[in-house]
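These protein sequence lines are chains A and H, in that order. Numbering of the first sequence is given in my numbering, commencing with residue 1 and proceeding in unit increments. Numbering of the second sequence is given in my numbering, commencing with residue 1 and proceeding in unit increments.
Among the hints, erroneous ones may be present.
What the hints assert, rightly or not - Lysine-lysine pairs mimicking PhoX-like chemistry, simulated, CA-CA at most 20 Å apart: (1) A:K48 with H:K91; (2) H:K202 with H:K10; (3) H:K91 with H:K64; (4) A:K250 with A:K277; (5) A:K345 with A:K389; (6) H:K292 with H:K224; (7) H:K172 with H:K97; (8) A:K48 with H:K224; (9) A:K188 with H:K94; (10) H:K276 with H:K224; (11) H:K254 with H:K202; (12) A:K188 with H:K91.
Simulated from the structure, these hints should not be mistaken for lab results.
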Amino acid sequence: MSKILAITGAGAMSECMRQINPDVVPAFPITPSTQVIEDFSQFVSDGKVETEMITVESEHSAMSACIGAAAAGGRVMTATSSAGMALMWEMLYIAASMRQPIVMSLINRALSAPINIHADHSDSMGARDAGWIQLYAENNQEAYDNLIMAPKIAENMDVRLPVMVCMDGFIISHCVQTMQLEDDDKVKAFIGEFETTYPVLDTEHPATWGALDLQDYYIEHKRAQHMAMKNAKDAIKTVSEEFAAVFGRKYELFESYRLDDAERVIIAINSVCGEIKEVIDERREAGDKVGLLKIRSFRPFPYEEIAAALANVKIVTVLDRSESMGAYGPLFVEIRTSLFDAPEKPMVYNRIFGLGGRELFMSDIHDIFDENKTYLETGKVEKMFDYLKVRGG
Amino acid sequence: MPSLQEMAKKEGAFAGGHRMCAGCPVPIFTKMLTRVTDGYEIVAGNATCCLEVASSIFPYSAWKIPWIHTAFENVGASMSGVETMYRALKKRGKITKPYKFIAIGGDGGTYDIGLQSLSGAMERGHDLVYICYDNGAYMNTGVQRSSATPMGAATTTTPAGEQSYGRQGNRKDLTHIMVAHNIGYVAQASIHDPVDLSEKLKKAIELDGPAFINLLTPCIPGWKIAPDMAVEVARLGVESKYWPLYEVIDGEYKINYTPKKEVPVTEWMFLQGRFKHLSKPEYSNVLDAIQKEVERNWNWLARQAASVELLSAEVN
Numbered sequence: 001m002s003k004i005l006a007i008t009g010a011g012a013m014s015e016c017m018r019q020i021n022p023d024v025v026p027a028f029p030i031t032p033s034t035q036v037i038e039d040f041s042q043f044v045s046d047g048k049v050e051t052e053m054i055t056v057e058s059e060h061s062a063m064s065a066c067i068g069a070a071a072a073g074g075r076v077m078t079a080t081s082s083a084g085m086a087l088m089w090e091m092l093y094i095a096a097s098m099r100q101p102i103v104m105s106l107i108n109r110a111l112s113a114p115i116n117i118h119a120d121h122s123d124s125m126g127a128r129d130a131g132w133i134q135l136y137a138e139n140n141q142e143a144y145d146n147l148i149m150a151p152k153i154a155e156n157m158d159v160r161l162p163v164m165v166c167m168d169g170f171i172i173s174h175c176v177q178t179m180q181l182e183d184d185d186k187v188k189a190f191i192g193e194f195e196t197t198y199p200v201l202d203t204e205h206p207a208t209w210g211a212l213d214l215q216d217y218y219i220e221h222k223r224a225q226h227m228a229m230k231n232a233k234d235a236i237k238t239v240s241e242e243f244a245a246v247f248g249r250k251y252e253l254f255e256s257y258r259l260d261d262a263e264r265v266i267i268a269i270n271s272v273c274g275e276i277k278e279v280i281d282e283r284r285e286a287g288d289k290v291g292l293l294k295i296r297s298f299r300p301f302p303y304e305e306i307a308a309a310l311a312n313v314k315i316v317t318v319l320d321r322s323e324s325m326g327a328y329g330p331l332f333v334e335i336r337t338s339l340f341d342a343p344e345k346p347m348v349y350n351r352i353f354g355l356g357g358r359e360l361f362m363s364d365i366h367d368i369f370d371e372n373k374t375y376l377e378t379g380k381v382e383k384m385f386d387y388l389k390v391r392g393g
Numbered sequence: 001m002p003s004l005q006e007m008a009k010k011e012g013a014f015a016g017g018h019r020m021c022a023g024c025p026v027p028i029f030t031k032m033l034t035r036v037t038d039g040y041e042i043v044a045g046n047a048t049c050c051l052e053v054a055s056s057i058f059p060y061s062a063w064k065i066p067w068i069h070t071a072f073e074n075v076g077a078s079m080s081g082v083e084t085m086y087r088a089l090k091k092r093g094k095i096t097k098p099y100k101f102i103a104i105g106g107d108g109g110t111y112d113i114g115l116q117s118l119s120g121a122m123e124r125g126h127d128l129v130y131i132c133y134d135n136g137a138y139m140n141t142g143v144q145r146s147s148a149t150p151m152g153a154a155t156t157t158t159p160a161g162e163q164s165y166g167r168q169g170n171r172k173d174l175t176h177i178m179v180a181h182n183i184g185y186v187a188q189a190s191i192h193d194p195v196d197l198s199e200k201l202k203k204a205i206e207l208d209g210p211a212f213i214n215l216l217t218p219c220i221p222g223w224k225i226a227p228d229m230a231v232e233v234a235r236l237g238v239e240s241k242y243w244p245l246y247e248v249i250d251g252e253y254k255i256n257y258t259p260k261k262e263v264p265v266t267e268w269m270f271l272q273g274r275f276k277h278l279s280k281p282e283y284s285n286v287l288d289a290i291q292k293e294v295e296r297n298w299n300w301l302a303r304q305a306a307s308v309e310l311l312s313a314e315v316n
């Protein structure tokens, strides 16, 4: 039976994995994703799933085993964070390029150095060109819902790409929130049976996987991968509509919060959006026309849709929770690109915040809206790029 | 065990027309993979290496069995995934036939960059045979030294020069490291002896659990030998005791071949261009050190094997 329960974000991920009951889960512990795997291991030991676990000796091997298992012909899931995904880097590209529909919970955490275990997006943003679909979530419920939808998106025959389901480390992964846990059978029925494509275990039709691909074919294969990622946009929309029909919660490529008549907008990713919504509600009470555009799908990136959603907006503050040293933040770059062909371009500027887990409080978000109000009134963006809440700044 | 003639009549795993170098002995063992046993579906995985590159140039493939390559350092892990999915699907009744899994890597991909994933795969107990074809350097990238390169060999990263006699120090003994994993079957074999090799392959494949075979495999360009010399050079590697043929079954050592006469290691070395510089008189101490190491290793092995014989005699 569907039920409301209080659970951590990591716990929600392992519950969802229990419901999905994947064939193989290779995994390696790393904070803050460890609880996902610990809880799931208990489900395996208690016979609540039929999954075979592979307790590998590194994350590089975790992703390598994911690729081998998926190519063999079954459903594969794993979880990691930060340095763990950095160690997978080479294999992330290979998973995507070999078109394996692997689903991974990524509990976002800062990359070293200095070593830090708390939330920022340097891990997933660094992997944005690896060829994975990236879905982000504000809270436990959204992360859980994204994980239910992920296999269906990944395994779509026009897509066949891996999906990374991201949430903020500790802030979401370790904090208890209430959420709707759906009925096991309903989740299983929604996802359906895994369909194979040229499985390695088909000895009657032996396939060669991972061939050497030189100048005469490589670029065609990369182009095919590009088209699959384009198709992923439609698949995310379709699966989200199917999800809404079954479970009642509606998701788009991004969420528009009080955006219709908004003049001043913040664009952000993940947990900080919860506080931003609270601040928007407060300011709306006072008649301030502010809104939020919250990214759900960062890869594929919905350029045209975002441009349309911002058509009447006058100023946009893009919050990046990761750095691209020597450049603007990765989200800012995409937003500016989205707006380049817009007939009425809003003012757009970039703020870096929250690296290594530093909190942004509601008062800080009020400051952002105060600042972009001044920018709009003076018609001048004083600082295109800056850090928020940093000493010596 | 079927005879070599009978085995040759069976369907091989590996087709001709691949792009290995003329005279490369690697296909000797790849062709055997489906010929040494009956009753199993055979699936192979490859680390990035000469064999991987030369057997799978898209859109062609020399592999007649399912085969997967993902990267250089991880065939132990990627084949752990394939083998585990087999068990998962078998448990769910989606597969009924018995399968066996082979992982193949060169010495660079096994002794060095792939050692961790190999160790993990063996320790976890996957039903997997790992074959390392040891040609003593990174041959695919153009003969750079690996931890399997023998002392004194000139490679492109340990060239002989005014101040260097080539690779310094002793090579790593990976076979011993694999014995320390307490797995059911570990062996050293050589491509010059197809009877011994096919028997070892059969034992390794039929074993329920992880097995490891380290296979001496001369490299034509890397060892600087003529294309018709690979088998002869491998034979002398064994006759000189540089590469003892032995197996370790459940931790018990057995030497499979004891040379009939003493052959100095220099007879093996000077068939190869990579040791040519060591013929200079000033390197006699290096040659002595190499000979001494070969004898030390053989004597150590002989003691292990003798203690096993002694124990079994006492039991009987």
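Hint check results:
With a C-alpha separation of about 14 Å, the suggested pairing of K48 of chain A with K91 of chain H holds against the 20 Å cut-off. Note on K202 of chain H and K10 of chain H: the hinted pairing holds, with a Cα-Cα distance of about 15 Å set against a maximum of 20 Å. A distance of roughly 27 Å separates the Cα atoms of K91 of chain H and K64 of chain H; the hinted pair therefore is violated under the 20 Å criterion. For the proposed pair K250 of chain A and K277 of chain A, the alpha carbon gap of about 17 Å is at most 20 Å, so the pair holds.
Taken as a hint, the K345 of chain A and K389 of chain A pair is broken in the structure, with Cα atoms around 28 Å apart against an allowance of 20 Å. Our distance criterion of 20 Å between C-alpha atoms is broken by K292 of chain H and K224 of chain H, whose separation comes to about 24 Å. Our distance criterion of 20 Å between C-alpha atoms is broken by K172 of chain H and K97 of chain H, whose separation comes to about 39 Å. For the given pair, K48 of chain A sits about 59 Å from K224 of chain H by alpha-carbon distance, which is inconsistent with the 20 Å threshold.
Between the alpha carbons of K188 of chain A and K94 of chain H the distance comes to roughly 18 Å, so the proposed pair stays at or under 20 Å and holds. Between the alpha carbons of K276 of chain H and K224 of chain H the distance comes to roughly 10 Å, so the proposed pair stays at or under 20 Å and holds. Note on K254 of chain H and K202 of chain H: the hinted pairing holds, with a Cα-Cα distance of about 17 Å set against a maximum of 20 Å. Between K188 of chain A and K91 of chain H the CA atoms are separated by roughly 19 Å; this keeps the pair inside 20 Å, and the hint holds.
When the structure is compared with the earlier hints, violations turn up for hints 3, 5, 6, 7 and 8 and for no others.
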